[in-house]
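Peer 1: Construct the complete structure from the given sequences, taking the supplied hints into account.
Sequential numbering from 131 applies to the sequence shown in my numbering.
What the hints contain is simulated information worked out from the structure, not anything from laboratory work.
No incorrect hints appear here.
What follows is a list of derived Cβ distance ranges for each label pair: (1) Ile263 / Gly222: 47 to 55 Å; (2) Arg168 / Ala264: 27 to 35 Å; (3) Ser408 / Gly203: 41 to 49 Å; (4) Gly409 / Asp206: 45 to 53 Å; (5) His200 / Ala153: 19 to 27 Å; (6) Glu379 / Pro410: 20 to 28 Å; (7) Gly433 / Leu208: 43 to 51 Å; (8) Tyr240 / Ile165: 19 to 27 Å; (9) Ser405 / Arg430: 15 to 23 Å; (10) Ala153 / His250: 25 to 33 Å; (11) Ile170 / Phe251: 26 to 34 Å.
Glycine included, each C-beta is placed from N, C-alpha and C at the ideal position.
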Amino acid sequence: MLNDATGAREYVNRIQAEITEEAHQRRESNPTLAIQEREINQAWTRSAPSAAAVRGDGASPAEVKAHSEHLLGCIDDLSLLSVDAPVGKRKGVRQLKGTVRALTRWYLRYLADQVNAFNHFLVGFLRSAEQRIARLEGDAHAAEIMGEFVDPVLDADHVLGQAVADQLSQCDGPVAVVSCGSGRIVSALVQAGITAHGVDDSVDAINDGVNEGLDLRVAAPSEHLSRIADGSLSGVVLTRFVERRGPVELSTLIDEALRCVTPSGRIVVAVADLSARSGPEAELLRGTGLSPQTWAHLLRKRGCVVEVSALTGSRVTTLVTAQPQ
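Peer 2: Okay, here's the thing in structure tokens:
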């Protein structure tokens, strides 16, 4: 029985090898087949199920990585140009094609060598870029993943809301609060006669404020300012969500805030000091958020007049207010 199974397996392997060899010979002898095979490979690359990873159709990180490797492998395979065009098996045509190939080989080789050298460095650059993008994506998602294991940032209290309203008392609006939570800072601004709205990525967080008639919107806080026209705000309040973002994103956010405010506008940063973190929160959120002193430093580096004021009776103990020059 064992011999029968072994013999059957050897027979199948031999048939598969013969089919593979015959297919290889046909591709070499028929240029049309080689062209069609390349077109099929390209079509498969575009329509393969793992392409969902690139289109953002909810693919897992493993699927995204596998598809990227697949695409880079295809680029590697297709990047090498060959001057040895197939000549076929028909005698007359074969001799003619062989003569043409021999006469033009030196010229085509000269061109192909240049293109192949360019493709070599291009593929190397693509692989390097893919690795850098993967690292950036990993860094961007790390804070969000770790944030799931710690309590959310507490909402603003009455003391903080009133302090922010006092800092923006010279502003008549509009003021954007990013992110707003239940809207306590927005409420304090409105009560002070300042037109204000808030954004938060949580529907549940803004429900109470919306029921009170506040202008609270569901949006990605980090993207909200990028949709606002230059100089259309008299003030921007950065709070809550900025405590869970990395330095690069926060530096970009400062630039967006400065672009949005008028020359006489103000930016208020209301965040807890990093030294207040303890236990698992301190370790899991490492690399996210900035201290008030660092916020002040970054704003001064951008030419702002910065005021740092102490606050008592609130989770936020230091308020940073900046005005562009």
